[in-house]
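J.: Dock chain B against the given chain A, drawing on the hints supplied.
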Amino acid sequence: MFDLSFLLEDGHLTLLRNGVLTTVRLFVVSGLMASAIGIVLATLRALPVRVCKALVVVIVEYHRNVPMLVQILVWYFGVPQILPESLKLWINASNTEFFLAAVALSLNSGAFVSEDIRSGLRAIPHTQQEAAWSIGLTYLQSLRYVILPQGIRAALPALVNQALLLFKNSSLAMAIGVHELLYRTKQIDNLTFRTFDIFLVATILYLIGTLALMALSEHFVKHRRVPLGV
Amino acid sequence: MFEILHDHLALFLVGAWPSGPLGGVANTLILAALGLVASFPLAIGVAMAQVSPWRWLRTGAGAWTRLVRGIPLLLIIFWAYFAVPLLVGAEVSAFTTAVCAIIVYESAFLAQIVRAGLESLPRGQMESARSAGLSWLQSMRYVQLPQALTNMLPSIVNQSVSIIKATSLAYVIGVPELTYSAAQVNTITLTKPLQTFMVLAAFYFVLCFALSRFAGWLERRIARHRLGLA
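Just so you know, the sequences run in chain order A and B.
Quick note, the first sequence lines up with residues 515 to 744 if you use our numbering.
Quick note, the second sequence lines up with residues 154 to 383 if you use our numbering.
The shape of chain A in the complex, shown without the other chains:
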């Protein structure tokens, strides 16, 4: 009943492989950008400047309360309208869909990451900050060398869950025509009408990624190192 020989015909396997590679690339690129964005947002929010805080709150709330798909549509259909011509040309010269999907995914994930880091930072006792100041570190130095490393460690399980979400969300990029795993799955389905078989393959491929991430998150929860052992 479960026969995969159709994959070997007419380059379907290549389509599938390219889909997997695109999904992985989208995940890795967006994941790296999201980490950077998350750290920047969390730092801005920790600064004792009111405008920075308000700005971060607005960014985070937007990404939290608007569906991922809609954010992708805003970036794909909407944002190019206001971009300067030169920038549009530059984006179009590469893979437009991939680029804009990656931007949308990174910003969304970055907003959530910043919240996870923030709650990680809150787990750090205030005495750490005071101790860092008293040995002469500036505010930014204390963040960089004392607070953030501990905070990120405390936030690890939540961050891995965020990665899981990002991995699953990358499938939404198919809605704007990024040739990722789910897009290729539908394509092979349309070509071969082997719906059950190809969906099962795609499901297994997604599960390999997501189950691994779930296991990693559970590992971090089990071996969570509480800062200072308090």
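Simulated from the structure, these hints should not be mistaken for laboratory data.
Among the clues, some could well be false.
[As the list claims (entries may be wrong)] Label pairs and their computed distance ranges (CB to CB):
# : chain 1 : residue 1 : chain 2 : residue 2 : range
1 : A       : Thr610    : B       : Gln278    : 54 to 60 Å
2 : A       : Val565    : B       : Gly277    : 47 to 53 Å
3 : A       : Val565    : B       : Phe367    : 58 to 64 Å
[To be verified] Below, simulated DMTMM-like cross-link-like pairs (lysine to aspartate or glutamate); rule was C-alpha separation at most 25 Å, straight line:
#  : chain 1 : residue 1 : chain 2 : residue 2
4  : B       : Lys345    : A       : Glu599
5  : B       : Lys345    : B       : Asp160
6  : B       : Lys345    : A       : Glu611
7  : A       : Lys700    : B       : Glu244
8  : A       : Lys700    : A       : Asp711
9  : A       : Lys700    : A       : Glu611
10 : A       : Lys736    : B       : Glu272
11 : A       : Lys700    : A       : Asp524
12 : A       : Lys567    : B       : Glu272
Every residue, glycine too, gets a C-beta built ideally from N, C-alpha and C.
T.: For chain B alone, coordinates are given in the frame of chain A:
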């Protein structure tokens, strides 16, 4: 932005109704409400199985939630599109397909919430219920679940935010809901994609932000109640 909202308000709110099928915000809310109401009993069943004294039931329920959480919602929607007509033996509308997929997907996440609620109750609750002569099911029904659900109410409201966001994916299989309306408006106006999709985002934002605020309020109220202040 306001021009678009003004010109196409009806399309955003109710879709083509009354001359065509109901759509827009109204259909999004119906989809979300159906998804929440129908996935809730399923979630309670799965959560009870996960804390039950029967090992195979725990394992089965645990595997099921992992499986569902590991598959992107869009893929579950495609599965439903393929499998639901086969299971029912008749043609199924896109709306029903979307509802089925959302029920399966969200029930796994709701089950996690209910389970956390059950596990956070002190052990003495179950022990005293059992020693009072209640069966395991009776203790669940009359002692454990009522307390767990009250405590978890804010998380459940928060999950309904995620259900509303999930309904946007129904657009991909052509269910006339809010995102679908925006796509229609975009094809009508053609030159203002950014404004159109910003209006769309604003609609979701208002719905979801209000709900998450409500969840926060509930949480504070329940916390106060527990301290005996209210």
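J.: Could you run down the list of hints and mark each one as holding or not?
T.: Evaluated hints:
{"no.": "1", "hint": "Thr610/A with Gln278/B: 54 to 60 Å", "verdict": "holds (57 Å)"}
{"no.": "2", "hint": "Val565/A with Gly277/B: 47 to 53 Å", "verdict": "holds (50 Å)"}
{"no.": "3", "hint": "Val565/A with Phe367/B: 58 to 64 Å", "verdict": "violated (28 Å)"}
{"no.": "4", "hint": "Lys345/B with Glu599/A", "verdict": "holds (17 Å)"}
{"no.": "5", "hint": "Lys345/B with Asp160/B", "verdict": "holds (13 Å)"}
{"no.": "6", "hint": "Lys345/B with Glu611/A", "verdict": "holds (19 Å)"}
{"no.": "7", "hint": "Lys700/A with Glu244/B", "verdict": "holds (20 Å)"}
{"no.": "8", "hint": "Lys700/A with Asp711/A", "verdict": "holds (12 Å)"}
{"no.": "9", "hint": "Lys700/A with Glu611/A", "verdict": "holds (17 Å)"}
{"no.": "10", "hint": "Lys736/A with Glu272/B", "verdict": "holds (17 Å)"}
{"no.": "11", "hint": "Lys700/A with Asp524/A", "verdict": "holds (16 Å)"}
{"no.": "12", "hint": "Lys567/A with Glu272/B", "verdict": "violated (36 Å)"}
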